[in-house]
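Protein chains in written order, with the numbering used here: chain A, 6 to 450; chain B, 4 to 371.
Derived from the structure by calculation, the hints contain no laboratory data. Where hints are given, some of them may not hold.
[What the hints assert, rightly or not] Dumping the calculated DSSO-like pairs for lysine-lysine here, alpha-carbon to alpha-carbon at most 30 Å: (1) Lys364(B) to Lys302(A); (2) Lys45(A) to Lys29(A); (3) Lys22(A) to Lys364(B); (4) Lys83(A) to Lys221(B); (5) Lys8(B) to Lys27(A); (6) Lys364(B) to Lys176(B); (7) Lys297(A) to Lys8(B); (8) Lys212(B) to Lys22(A); (9) Lys286(A) to Lys22(A); (10) Lys215(A) to Lys256(A); (11) Lys212(B) to Lys145(B); (12) Lys145(B) to Lys256(A); (13) Lys255(B) to Lys364(B); (14) Lys156(A) to Lys45(A); (15) Lys302(A) to Lys8(B); (16) Lys297(A) to Lys321(B); (17) Lys27(A) to Lys53(B); (18) Lys8(B) to Lys22(A).
The residues making up each chain are set out below.
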Amino acid sequence: MRIRDVVIGANASMYYKLNFRKIKGVYYPRNTQEVIAAIKHAQTNGFTVTPKGGGSGLSGACTGGDDDRVMISSLQMKEILTVSKDQGYIDVQPGINPDQINEFLTPMGMHFYVAPSSRDIATVGGILSTDGGGNDTWVNGTMRDNTIRVKMVLYDGRLLTVDNEGVSSNDPDLEARLNEIGVTLHDVASSHGTLGFISEMRLLIRPNVKETLVGGLAEFPECNALGQALTTMIERNSPIRYGEAITSAHKDVREGFTPPLLILEFPEENEEDIKDITDYKPLDSEQLAKMKDIRIKLPKRNPNEGIQVALFEGYGFHGESLLRLQDRLDDIDALLIDHGLTPFAKYGHGPSKWYIGDNTPIFGLILHSREIRPEGKTGDELLNTVLAIVDKCEELGVTPKPEHKWPFSDMDKKKRLDAIRQIIGEGFNPFLLSPECNDVLGSMV
Amino acid sequence: MSYDKCVRCGSCLTFCPMFDATGEEQFSPRGKTYLLQVMDQIEDDEELGKEFRRLLFQCSLCGRCEETCASGVDLLRIWHEQRAKAIETAPDEFAYLEPLKDALSNVKNIYGLAAEDRAIYWFDELEDEIPGLEDRVYEKGKTAEVMVFLGCLMSFRGSQIDVLRSLFQTLEKLEVDYLVMGSEEFCCGHPLYLMGDDEGAQVLREHNKQVVDAAEAKNVITCCPGCLIQLREHHNLENAEALHHTQFFDRKLETIPQYNQTEAFSYHDPCELHRILEIKTEPRSVINKMGIEFREMDLSCCGGGGLLRMTDPDLSDKVIQLRAAREGVQNTTVITACPSCREQLLGQNLKTKDIVELLSKTLQGGVE
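Could you build all of it, start to finish, from the sequences and the hints given here?
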């Protein structure tokens with residue numbers, strides 16, 4: 006074992022205590038040929054393969070569980086391959102992040118419109134694997150909505166190109182079988198590295214929107230009122246360019262503000278419409294930047310005493326659960342406290358959009374959650390809390406972990422991935438789909 | 004333990020020059036704090052321990068990770084403590100640092116040269132050009148408003164002589180009452196500090212403090228940000244204020260004659276100066292007062308800090324090579340304000356000037 010085999014386990018989830026001796030190889034390929042070689046090494050020796058991007062996700066998928074496995078990082082695959090301003094696409098390697106893409110595109114007046122909070126490190130390959138989005142997903146969609154096609158390397162070395170219409174491959178039989186069951190980009194989205202290694206991506210780019218935006222801060226007495234405002238925005242299809250809610254935050258990090266609150270940015274001409282929905286206080290550009298900064302740092306900051314933990318990445322409130330947001334949050338916080346956890350902050354994108362396992366789009370509020378790390382809790386106890394939250398979400402009509410759900414909580418997605426893997430092979434990240442997934446994750450907390 | 008505060012978000016990877024140069028996570032700040040977080044799982048593995056200790060010294064301590072970290076992890080403090088622990092745990096692995104330690108212990112400079120030579124090389128070179136220079140060298144009983152602390156690099160390296168000449172010419176031109184510490188100067192202790200050896204550094208600091216006190220200096224000025232970290236933060240100077248030379252000249256000169264600019268300039272801001280000492284405005288203020296147009300370079304490391312030139316010279320070279328290629332500075336003169344950065348830039352055959360070289364030239368009426 007070498008130190009690079011250990012360090013590849015670094016990731017932002019609470020699943021980070023890996024059994025390092027099970028890592029049989031770590032690769033940082035720079036091109037598809039090197040990816041193929043790395044996978045070949047795994048296949049020859051009977052190891053599974055786990056792809057890893059920036060390691061900023063919270064599902065634990067990039068750990069690979071406890072299989073004897075080869076880890077392949079995409080962090081050295083960060084080239085921009087081609088760009089077509091006229092046709093509105095950019096071809097990139099999977100290890101580049103949205104900030105790097107936009108640094109390149111800005112001088113030509115174009116933009117890639119996917120903006121997760123971790124856009125400085127999250128790779129586009131990783132964002133598609135979790136179908137991530139950000140504060141403008143309401144307007145611009147999730148990662149799958151901004152991906153035109155991907156090229157993948159499968160466990161047996163065969164190559165696949167997947168777009169919204171279907172699949173093409175260097176193996177005609179494979180191509181036919183996958184098209185027969187209707188495989189498209191929807192299947193790659195949120196697949197958490199269980200299908201293959203994404204080696205190249207064609208992403209949708211659009212001209213920079215030239216509009217005058219204004220900022221506002223809406224404060225609410227309690228979260229049901231916030232949920233009502235967001236519901237109305239969704240019903241009216243309000244042109245919110247940036248919408249971020251903070252429903253609670255520890256006093257050490259809220260910087261004098263009192264949640265619940267909603268930070269907004271929208272076109273100047275829609276001021277009246279928004280005012281009709283919620284009574285917001287206008288923010289100048291400096292005040293807006295400050296609020297955005299407070300928001301974006303919430304997943305990283307710590308209380309003066311104690312350390313935050315990302316126990317459960319997110320809750321998708323929609324429909325009735327959004328209208329009764331405060332009641333639902335009270336239920337969830339009660340569960341957390343019952344399990345010995347202290348809520349630290351809840352914040353997230355609203356209005357927003359996500360997909361559930363059958364690829365139906367849902368519109369609502371994606372709320373991320375952080376707790377203060379409890380002393381003396383075992384990994385199993387913490388994972389049991391996570392599983393209790395999943396059950397609670399089902400009971401409350403809340404989508405569990407909308408951006409980062411792993412298939413155990415979404416049977417539609419799990420079934421679909423199983424079906425595809427019957428055809429393409431099961432060498433990628435199998436722990437996520439195995440019955441032991443929960444136990445494995447619990448052992449890494 | 005403050006490394007527990009790291010949430011492993013990975014934002015530091017984007018800026019870390021070591022990760023940039025190597026492309027592998029173990030060189031990144033997240034990689035190293037992660038290793039500390041899982042140390043209980045790996046500490047029995049001797050080879051891993053050895054690799055980890057080596058990694059701690061494959062870092063230029065530029066501080067950009069700490070600046071970037073939204074979780075408030077005191078990363079520089081962690082690296083400092085872990086380096087000390089590494090050397091204490093496995094001194095044999097750091098035997099290559101012993102000659103440096105011995106030199107600092109015996110002759111009080113990093114080159115192992117005779118202590119009295121500290122005021123020989125540059126003095127021989129400049130005594131004809133700077134009238135009265137001999138009187139400016141400190142001896143017991145002499146006092147002055149300003150004490151110049153040259154540091155080891157500037158005292159011994161021929162590549163720094165142009166900066167020294169300009170510094171003395173400028174002090175003379177401005178009729179500053181100054182002395183140079185000369186052979187009474189001991190190393191500031193920064194190299195030992197970078198190894199985590201605070202006790203060794205303290206011995207050197209105490210001597211320097213005595214000299215400054217005896218000279219009744221009100222200011223100690225240095226061109227070296229590393230020396231300034233030690234002088235300002237660790238020498239406990241009670242009666243004198245330690246300043247970077249750009250701070251001193253910025254305070255002294257409200258206006259400066261305009262520089263006759265005939266070349267393109269870019270400015271490389273030394274990490275220890277702007278990020279650790281937080282001296283950001285004065286160097287730019289001096290340049291701006293001279294009317295010099297310049298391009299700001301990325302606020303990243305030259306690869307010359309943290310003892311990296313000694314602990315992994317190849318990595319140090321790679322950092323500056325990547326920057327030079329990426330930032331396209333081959334056709335400009337890189338302005339900087341740190342002798343260590345200067346050495347890195349010269350090592351890549353880049354044209355470079357310290358701010359005081361430009362200042363001296365403009366004060367002399369544009370005549371070199």
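Results for each hint:
no.: 1; hint: Lys364(B) to Lys302(A); in the structure: 46 Å, violated
no.: 2; hint: Lys45(A) to Lys29(A); in the structure: 13 Å, holds
no.: 3; hint: Lys22(A) to Lys364(B); in the structure: 59 Å, violated
no.: 4; hint: Lys83(A) to Lys221(B); in the structure: 53 Å, violated
no.: 5; hint: Lys8(B) to Lys27(A); in the structure: 27 Å, holds
no.: 6; hint: Lys364(B) to Lys176(B); in the structure: 11 Å, holds
no.: 7; hint: Lys297(A) to Lys8(B); in the structure: 22 Å, holds
no.: 8; hint: Lys212(B) to Lys22(A); in the structure: 48 Å, violated
no.: 9; hint: Lys286(A) to Lys22(A); in the structure: 45 Å, violated
no.: 10; hint: Lys215(A) to Lys256(A); in the structure: 38 Å, violated
no.: 11; hint: Lys212(B) to Lys145(B); in the structure: 15 Å, holds
no.: 12; hint: Lys145(B) to Lys256(A); in the structure: 57 Å, violated
no.: 13; hint: Lys255(B) to Lys364(B); in the structure: 17 Å, holds
no.: 14; hint: Lys156(A) to Lys45(A); in the structure: 17 Å, holds
no.: 15; hint: Lys302(A) to Lys8(B); in the structure: 14 Å, holds
no.: 16; hint: Lys297(A) to Lys321(B); in the structure: 36 Å, violated
no.: 17; hint: Lys27(A) to Lys53(B); in the structure: 21 Å, holds
no.: 18; hint: Lys8(B) to Lys22(A); in the structure: 16 Å, holds
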